[in-house]
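In order, the protein sequence lines correspond to chains D and V.
Under numbering that gives the first Met the number 0, the first residue of the first sequence carries the number 0, and numbering increases by one thereafter.
Under numbering that gives the first Met the number 0, the first residue of the second sequence carries the number 0, and numbering increases by one thereafter.
The reader is advised that the hints may include incorrect statements.
What the hints assert, rightly or not - Taking lysine to aspartate or glutamate and the EDC-like style, the derived pairs with C-alpha atoms no more than 20 Å apart in a straight line are:
#, chain 1, residue 1, chain 2, residue 2
1, V, 225, V, 251
2, V, 199, V, 105
3, V, 43, D, 5
4, D, 22, D, 59
5, V, 144, D, 48
6, V, 225, V, 137
Derived from the structure by calculation, the hints contain no laboratory data.
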Amino acid sequence: MQSANEWPLFEIFIRARSGIDHKHVGSVHASDAQLALEHARDVYTRRLEGVSIWVVRSSDIVASDPADAEELFEPARDKIYRHPTFYDIPEEVKTL
Amino acid sequence: MSELAGTTSAVGSDAPTEARFRYVLRLADTSLILAQRLGEWIGKAPALEEELGLANTALDLLGQARLFLSYATELEGRGRSEDELAFLRDQSAYLNFALVEQPNGDFAQSIVRQFLVDAYLLELYEALQHSADARLAEIAAKAVKEARYHARYSAGWLIRLGDGTEESHMRSQRALDTLWPFVRELFDADELDTQMAEAKVAPSLDAIERLWSVRVDEVLRQAMLKRPTTTPFKWYGKRGEHSEHLGYLLADFQYMQRAYPGASW
C-alpha cells in the first residue's frame, strides 16, 4: 500500500460548528494519530473552518467496492415509494 | 494592524519608558527572528503537512512580533514606524536571544531550537499576563494561546525524534548539545531584566527557569534524551551581541526594504 519511508494516511473529518456533523474534508500523512490531528489542524483549520477534528487511519476505513455498485444500489432505484413524498403534510407542520 | 494596538496606554508601571522600550524590543526581536528562521523551511520541509505547521508557527510569531513592535514604536515616541524598527536597524540594535538566530540545520535542530524557545515563551507569556504594564499583559494573553500550541507541537516532535530511530535519536541529541550553550542567556538576568522584574513589568527569570526546567526535563525524559551540562560560555544577543549567523539572516530579511525603501503591500 505505502512505501516504507512514507507516513501512513489519515482521513480528516471536521465539525464546522457545534451541532453540525463532522464532514470529511481530506487527508494528511502523519507518523501517528496524534500528529495527524496536529497536521489536520494546520492544514484544514487555518481559516476558522472548525471546532472539532476527527482523524481516522485510512486503512481502517472499510469501503464498498465501486464494482459492486450495481447490486448494492441499483435495486433501490425503482423503489421511489421509499421516499416520503407521497404524504399530504398538514400546513401547521413546519418542520418534518 | 492589530486589534490590540492603541487600546491601552502604557500606564501602570514605574519603569522608565526607555528601559521598557528595550525590554519590549527583546520580546519583539526574539519572535521576529525566529519567525524568519522558520520561514526558511518553506519549500524545503520534509512533508507538506510539516511545512504548513512550521509556517503557521512562523505566522503566529510574526503576529506577536508586530504587536510588540507596534507597542515599541509608541514607547520610543520618535516617530519610527513598525516597519522601520523591523527592517532598518543594524545587527547590534537587534535584541533577540542568540538562540533564535541559530541556523535551521536539519529538522531535528530546528525542532530542538523551537522546543527550547516555545517552552520559554509559554512560561513567560503565562507570567506576563499579570504584568504591571497593561499593554504587555494584553499582548501576552493573546500570545499565550498560540504558545501553548507551539509547545505542544515541538514537544510532540522532539519526543518522536528522540524516541524514534537510532538516527533521529542521534540527530536530536546532537542538536540539543549544539544549542544548549545558547540557553543560558534566557535566564541570565541582566540589569534590564532585574529592573523590569522589580517594576513588576516582567516576571523574575529565576521563577521562569524553574518552570521551564520542569517542562523541559519531562519532555527530554520521554524523548530519551540527555540534558547537556551547562557551560560557562554565555551569549548576550539580548544586548545586541550576536553570533555570526544574524548578519546573513538580516541580509535576506531586510533586502526588500533596503532595495525598495518604504515599499508596502
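Hints and how they fare:
1. For the hint linking residue 225 of chain V to residue 251 of chain V, the alpha-carbon distance of about 35 Å lies beyond 20 Å, and the restraint is violated.
2. Distance hint between residue 199 of chain V and residue 105 of chain V is unfulfilled; the C-alpha atoms sit about 39 Å from each other, more than 20 Å.
3. For the hint linking residue 43 of chain V to residue 5 of chain D, the alpha-carbon distance of about 16 Å falls within 20 Å, and the restraint holds.
4. About 17 Å separates the Cα atoms of residue 22 of chain D and residue 59 of chain D, which keeps this hinted pair within 20 Å; it holds.
5. At roughly 18 Å between alpha-carbon atoms, residue 144 of chain V and residue 48 of chain D fall within 20 Å of each other, so this suggested pair holds.
6. In summary, the hint linking residue 225 of chain V to residue 137 of chain V is not supported, as the alpha carbons are separated by about 37 Å, beyond the 20 Å threshold.
In terms of the numbered hints stated before, the structure departs from hints 1, 2 and 6, listed from lowest to highest.
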